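**Q** So the chains spell out like this:
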Amino acid sequence: MDTGDTAFVLVASAMVMFMTPGLALFYGGMVRSKNVLGTIMQSIFALGLVSVLWVLIGYTLAFGPDVGGLIGNLDFLGFKDVGAVPNEALAATIPHVSFATFQMMFAIITPALITGAFAERMKFSGYVVFTTLWLIVVYSPLAHWVWAPGGWIRELGALDFAGGTVVHINAGVAALAAVLVVGKRKGFGQQAFIPHNLTMTVLGTGILWFGWFGFNAGSALGANGLAASAFLATNLGAAAGACGWALMDLRKEGRSTTLGVASGAVAGLVAITPAAGFVTPLPAIAIGLIGGVVCAWAVGLKFRLGYDDSLDVVGVHLMGGIVGALLTGVFADLAVNGAGADGLLTGGGLALLGKQFIAVGATLAFSFVVSYALLKLVDATIGLRVTPEEEIVGIDLSQHSEAGYSFSESGSLVGGTLHKTEAAPIPVAIKEGSDIR
Amino acid sequence: MKIVVAVIKPFKLEDVKESLDGIGIQGMTVTDVRGFGRQKGHTEVYRGAEYQVDFSPKVRLEIVVDDDRVDEVIKAIETGASTQSIGDGKIWVIPVEQVIRIRTDERGPDAL
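If you read the protein sequences in the order shown, they are chains A and B.
Those letters in the first sequence? Residues 0 to 436, by numbering that gives the first Met the number 0.
Those letters in the second sequence? Residues 0 to 111, by numbering that gives the first Met the number 0.
Hints listed in this document are in silico derivations from the structure and should not be mistaken for laboratory results.
Mixed in with the good hints there might be a few duds.
With the C-beta cut set under 7 Å, the calculated list includes, among others, these residues of chain A facing chain B [what the hints assert, rightly or not]: (1) Ile391; (2) Ser411; (3) Val413.
The structure displayed is predicted, hence computed values, not measured ones.
Yeah, the Cβ is synthetic: ideal placement off N, Cα and C, and Gly gets one too.
All chains, full assembly: derive it from the sequences and hints.
**A** As structure tokens, this is what we get:
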């Protein structure tokens, strides 16, 4: 065991944890003010829900000893035998429990990413049940395929340093399935859905960018040269993505926008994620730039194709993830990482790019089909979507009985001595036909 | 001249504006307000403490028109604002003594 590696991975884990509240702010600023808390909840609650699920069942399905290249067995159920002793096959120089906890943070943010797609119209109960099922049935198996020893995509030789397929393409294509099942927001394509607080979104972007150093450099699983290389590639991906989107804005609208630069940074980070530990600095810039440009174009698709992906999870995470995964096959360099491969432009020919295509295709097909089925199942049982009345009132009040912003002190404690109104309070659950706004 | 004042549900503002556009009304002033009528408010819960909040968010519209247009303006607001449910709001009409366009100093109906 190496103390330096252990210290580094512990800190990286905390940084990846911090990305989820960052995502909550990033998404929360982009919705209307009546939906800010409900949107933030869908990220913040993932920290609660998925942490528990990961220990109970998620981790062992992802990283338990391989069964047929498809899934882990139940050896690590409830983190059994996941302790201070390193697991040689997974991460030889850090405690097994450090590796498992680092992976926990990835499992948390991935379903949280999906929530941007169905923002402003999802029932909280539907989100909780879908996230639970999705983590077990989609995330854990896919993490196994790509990252676990014996997983079929890993054995194939496809490269995904920090989660281009498992995290971003997976979340992005599940988001596409979600918007197809949940449907459009009331007024989509007609009303103005204007972000209510972009300062919050920019702060969230900064936190994501910071946390992403833990996400990518931490994926080296050691305090070493590879981590340093991935750290720089991460920063360059974000930077070039911001530049790429700003240029696209300038070309399309005649001016660059704050939301564009924030979105571009995230798009660049998404694109560099699979490549971070395999590329030199100049390709990192190219990947970030292409990611920013492609995603800036892709976010317009929802209006042309008519699907309501509220906060552009498809446009940024799916498209950015695909760009990054494929460009890894173009720019990967054995000189950066001996465990990688050479790509198309680094003398490796088409072999790696072909494997990257297979990994992308398999992720798309598996995640889309299973996510779609799970969403249909939850929709048919407990329901995914709020009522039209609840949607008008906003999910903060209808799902959580709270307001994100209260600028007034009016109101009285129910049961308190100040409470003089004779009318019974309207129940928290808002019934069909009622309208409290 | 009259000022037509309406208090409506916030999410119906766009519909009301469209409806008023449709009869050629060229301007209006809106304010975000809070209030209640027969419709009471809602409850909010913070750390288990339940609060009754009676004042709901509303939008207040003000439109100054010549006397002969008052009825069609009322009709247009009703059309745009109605959801056939409690809390749709109210409209009231008040006489206006004088209207002045600041730029030109025009007075009366010419200034509308």
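**Q** Evaluate each hint against the coordinates.
**A** Consistency of the hints with the structure:
{"no.": "1", "hint": "Ile391", "verdict": "holds, 5 Å"}
{"no.": "2", "hint": "Ser411", "verdict": "holds, 5 Å"}
{"no.": "3", "hint": "Val413", "verdict": "holds, 4 Å"}
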